[in-house]
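So the sequences go chain by chain: V and P.
Note that the numbering used here gives residue 184 to position 184 of the first sequence, counting from 1, and the numbers run on in steps of one.
Note that the numbering used here gives residue 511 to position 511 of the second sequence, counting from 1, and the numbers run on in steps of one.
Calculated directly from the structure, the hints in this document are not laboratory data.
Bear in mind the structure is a predicted one, so any value in this text is a computation, not a measurement.
Glycine residues also receive a C-beta, built at the ideal position from the N, C-alpha and C atoms.
Honestly, I wouldn't trust all of these hints.
For the chain V half of the interface with chain P, some residues (derived, Cβ under 10 Å), not all of them [to be verified]:
no.: 1; residue: 12
no.: 2; residue: 24
no.: 3; residue: 31
no.: 4; residue: 125
no.: 5; residue: 135
With the C-beta cut set under 10 Å, the calculated list includes, among others, these residues of chain V facing chain P [claimed, not checked]:
no.: 6; residue: 8
no.: 7; residue: 20
no.: 8; residue: 27
no.: 9; residue: 30
no.: 10; residue: 41
no.: 11; residue: 120
no.: 12; residue: 121
no.: 13; residue: 158
no.: 14; residue: 197
no.: 15; residue: 198
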Amino acid sequence: MNTKITWREIPQARLAMWALIAGEFAIFGGLIVMYTLNRLKYESWGEMAQHTNVIAGTINTLVLLTSSFFVVKAHEAALHKNKEKVKMWIWLTLICALLFLGIKSYEYYHEILHGFTLPGTQLLAEGKHVETMYWSFYYTMTGLHGLHVIGGALALFFVMRHATKTEKDYHRIEVAGLYWHMVDIVWIFLFPLIYLIH
Amino acid sequence: MNTHKKHGFWHRYFFSLDHKDIGFQYMLTIFVMVSIGGFFAYVFRMHLAYPEMEVPLFGLVTNKDYNMLITNHGLIMMMWLALGMLLAVAGNYLIPIMIGTDDMAFPKLNKLSYWFFLISVILMISSFFMKRGGFGGGWTMYPPLSVGDFGYNTAYTSFKDRFFTANTFVLLAITFEFIALLMGGINFFVTTLNKRAKGMTLTKMPMIVWMINIASVLFMFSVGPLIAGAFMLLLDINAGTGFYDVYRGGDPLLWEHLFWFFGHPEVYVILLPPLGIIAEIISTNSRKPLYGYKFILNLTLIAAILSMMVWAHHQFVSGIDPRAATIFSIFTIIISLPFAGIILAYIATLWNGDLKINLPMKWAIGAITLFTLIGGFTGLYLGASVFDIYAHDTSFVVAHFHYTLFPTVIFGSFAAFYYWFGKFSGRELNKFWGNVHFWLTFIFFNGFAFPLFLLGLAGQHRRIADYRQFEFLMQDPLPLYRQIATISAVILILSQFIFIFNFFWSLKRGKKVTSDNPWESNTLEWQTASPPPHGNFAVYPEVHHGPYEYNHPDREDDFLPQNKK
Numbered sequence: 001m002n003t004k005i006t007w008r009e010i011p012q013a014r015l016a017m018w019a020l021i022a023g024e025f026a027i028f029g030g031l032i033v034m035y036t037l038n039r040l041k042y043e044s045w046g047e048m049a050q051h052t053n054v055i056a057g058t059i060n061t062l063v064l065l066t067s068s069f070f071v072v073k074a075h076e077a078a079l080h081k082n083k084e085k086v087k088m089w090i091w092l093t094l095i096c097a098l099l100f101l102g103i104k105s106y107e108y109y110h111e112i113l114h115g116f117t118l119p120g121t122q123l124l125a126e127g128k129h130v131e132t133m134y135w136s137f138y139y140t141m142t143g144l145h146g147l148h149v150i151g152g153a154l155a156l157f158f159v160m161r162h163a164t165k166t167e168k169d170y171h172r173i174e175v176a177g178l179y180w181h182m183v184d185i186v187w188i189f190l191f192p193l194i195y196l197i198h
Numbered sequence: 001m002n003t004h005k006k007h008g009f010w011h012r013y014f015f016s017l018d019h020k021d022i023g024f025q026y027m028l029t030i031f032v033m034v035s036i037g038g039f040f041a042y043v044f045r046m047h048l049a050y051p052e053m054e055v056p057l058f059g060l061v062t063n064k065d066y067n068m069l070i071t072n073h074g075l076i077m078m079m080w081l082a083l084g085m086l087l088a089v090a091g092n093y094l095i096p097i098m099i100g101t102d103d104m105a106f107p108k109l110n111k112l113s114y115w116f117f118l119i120s121v122i123l124m125i126s127s128f129f130m131k132r133g134g135f136g137g138g139w140t141m142y143p144p145l146s147v148g149d150f151g152y153n154t155a156y157t158s159f160k161d162r163f164f165t166a167n168t169f170v171l172l173a174i175t176f177e178f179i180a181l182l183m184g185g186i187n188f189f190v191t192t193l194n195k196r197a198k199g200m201t202l203t204k205m206p207m208i209v210w211m212i213n214i215a216s217v218l219f220m221f222s223v224g225p226l227i228a229g230a231f232m233l234l235l236d237i238n239a240g241t242g243f244y245d246v247y248r249g250g251d252p253l254l255w256e257h258l259f260w261f262f263g264h265p266e267v268y269v270i271l272l273p274p275l276g277i278i279a280e281i282i283s284t285n286s287r288k289p290l291y292g293y294k295f296i297l298n299l300t301l302i303a304a305i306l307s308m309m310v311w312a313h314h315q316f317v318s319g320i321d322p323r324a325a326t327i328f329s330i331f332t333i334i335i336s337l338p339f340a341g342i343i344l345a346y347i348a349t350l351w352n353g354d355l356k357i358n359l360p361m362k363w364a365i366g367a368i369t370l371f372t373l374i375g376g377f378t379g380l381y382l383g384a385s386v387f388d389i390y391a392h393d394t395s396f397v398v399a400h401f402h403y404t405l406f407p408t409v410i411f412g413s414f415a416a417f418y419y420w421f422g423k424f425s426g427r428e429l430n431k432f433w434g435n436v437h438f439w440l441t442f443i444f445f446n447g448f449a450f451p452l453f454l455l456g457l458a459g460q461h462r463r464i465a466d467y468r469q470f471e472f473l474m475q476d477p478l479p480l481y482r483q484i485a486t487i488s489a490v491i492l493i494l495s496q497f498i499f500i501f502n503f504f505w506s507l508k509r510g511k512k513v514t515s516d517n518p519w520e521s522n523t524l525e526w527q528t529a530s531p532p533p534h535g536n537f538a539v540y541p542e543v544h545h546g547p548y549e550y551n552h553p554d555r556e557d558d559f560l561p562q563n564k565k
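Take the sequences, apply the hints, and build the full model.
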């Protein structure tokens, strides 16, 4: 059996999504490299990392991983063109997304209450100049990731609504799902880098 | 398929999904941007040569004006003209029709890309009219200059004051443009891989299609970190973070790395499409197959990979480790080898050919001559850190990159215009005025850029608004060189009006083309009507031959269209 796949056999939308994911990795890759280099330079960032809420971060990791599982189930249902199941699994994914954003907001709220803000005025007043940048990176990276969570969730929602209403374009579930997995994988990198290394 | 009906103005210029219409939208938008960039160049060149004069149409140029003018000239020409013309316009017009399909893989995404591009243009133009004036931090936007009047250690003013500044708007404009080009690049990539005509294998694709795709992929990988970096700079300006602030442990050098990690591959993103255009033109007009198709392709891929490893040669005087500088010098010099190979293949294509010296051919040969002999060779000097440390930030560098970018971007684009205009408009450009335009551009471009080498070697720094404060730069013959450069630049800019008039006049009233394939070329776009209908082909072509089979010994005709049995 000839198992060689030509480019033309790959669905257009999937190919485009792969290209988009490659581009996204270049963006997040750049951020992660910048963060890591700075992290190696400044020992005192470990102290700051202790102020993050590791339990909330762990729950969020679990939530995102579970949502990836739901997306896979939705993809399976989409392959069978099973309208009801697609709806159910995507809604479960969306609930996970909302849960993730909720927990993240809770974390932000408490961190800001403790004076760890984006400009870091309070830390500057305490004479901790270098430490402000840890929080700048923290908010930039998790915030950009959060925007991707919102974008991915919206994409999943609209694709699901379109597919279940018109009973066609089920393949788009897979494509939006690919994007969702990308969002998940980015978090897998961010979580240990930001939360766990003290 | 041929259900095209006449659409109104709004439909054609804003809502069309046809790749040719979208290409035309990009082209008109870019014409507006180039006019602005060219006008800026005229004003600051006049100011440099005649510092006490009030520049006609502008007035007296203050130091602040000067900074704003050079900054925006650089940004517009690099980001909107070069990237826009060579990726967006060339890709939109040529890719679908040359691979024998009706349109892009995602026409709606294509339209969305154009809208993002338009938003970026509007943001860029509105940045000139901010309360504190246009952006003047240099086109490379190094912090802390690009953080704006506020600087890092000033008290935080209101968000409104910080947001409505030229810095913010320029950064947003660039981000929007990058998003537009990223979406466009994904579209090109998928279209090329997935929508080729039957029988068109990857190695039967015309070289230009390869080049635009390699350039798009290179753009995609190099621009990511800069998008992240631009986001961080936006936060520095608007949210009071300190990513590039030394006081808080940030590093302005980080921006230089991010910028040039994009900026240097970008040079090759800009270079590859013109190399493809030139390949099409010289092969057709020498009536010979392109020498070493796969050789050129492999060299291009090698160059694309190497281009990601040379960025720090822009930073030899920024305080990088000398050991790193040596490595970057070596890579920079190595990267000239693949391009030398490509140019050699082009010369081999021309060699012993039945040369037809028509207008596109003149632009193409002009481009490779100037690019290789002057632009490329001076690049070797500047790539070596020992010389660069002396010449860095002098007019020598300005002359060098004008000699690399002008022949590729401008000559390459004009070669494409004169070559494909008849195909896409159905009318011919006037040949006489075309020749006048070519010779004026060729002569006065050299007249403008060459004196800059001499000025640079004499120690003239760039980004200085007024050279009267340096006695050694006012000695004879240096002011004369500046005046020669300025007068040539003004004539160069004026002679572009010939093209503009020729273009729009021919579009409406030019002579109708007599043949669909006037250059007797093999590639698929010539095998359909001029202008191509909506959907490009009446019958979708099936490809049997490579794109460059000229003078095949077994055939009577000297050309063999790709879709002919």
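Checklist entry - So which of those numbered hints doesn't the model satisfy? => result Hints 4, 13, 14, 15 contradicted; others consistent.
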